[in-house]
Amino acid sequence: MDYAKSSDVLQYILYNMEVLKVKRSDDYEKTGKWTVTVKNRLSGQSSTDAYYGVLVCVGHINKPKMPSYPGQDLFKGKIIHTHSLKGVEPYKDKIVVVVGI
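When we follow the working numbering, the leftmost residue of the sequence shown carries the number 51, and every step to the right adds one.
Hints are computed from structural coordinates only; laboratory data are not their basis. Predicted model only: the values in this text are computed from it and were never measured. Take these hints with a grain of salt, some might be off.
Unchecked claim - Within a straight-line C-alpha distance of at most 25 Å, the following computed SDA-like cross-link-like pairs (lysine to any residue) qualify:
1) Lys71 with Gln122
2) Lys71 with Asp52
3) Lys136 with Met116
4) Lys115 with Lys83
5) Lys80 with Ser93
6) Lys113 with Pro140
7) Lys113 with Asp58
8) Lys89 with Lys128
9) Lys113 with Val88
10) Lys83 with Pro114
11) Lys115 with Ser134
12) Lys83 with Val72
13) Lys115 with Lys80
14) Lys144 with Leu105
15) Lys71 with Ser93
16) Lys89 with Ile63
17) Lys80 with Val104
18) Lys128 with Tyr141
19) Lys115 with Leu135
20) Lys142 with Pro114
21) Lys113 with Ile129
22) Lys115 with Asp99
23) Lys73 with Tyr53
The task is simple: from the sequences and hints, build the whole structure.
Written out as structure tokens, the structure is:
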């Protein structure tokens, strides 16, 4: 937060928003803008605006959402969420599958 204050970017951060949709604007090739639709979690009101850039900042402070699949309990290997990944060295020379949802 100190960096955000010193960089004077707090005015651009939206809080209590749920991102509903992010897509290239219809005129993206000309403007490079992205169209973002958000919903205010407090008021329930949705709005759409265009931006020159979009930052996705979920970080490691969020609670991971770990999906489960039929038969997953039969898997003998290690299953972790990227939230718990502290480095890749333990997986060197191993067969690794990454599932993104």
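| query | What are the numbers of the hints that this structure violates, sorted from low to high? | reply | 1, 2, 4, 5, 7, 8, 10, 13, 14, 22 and 23
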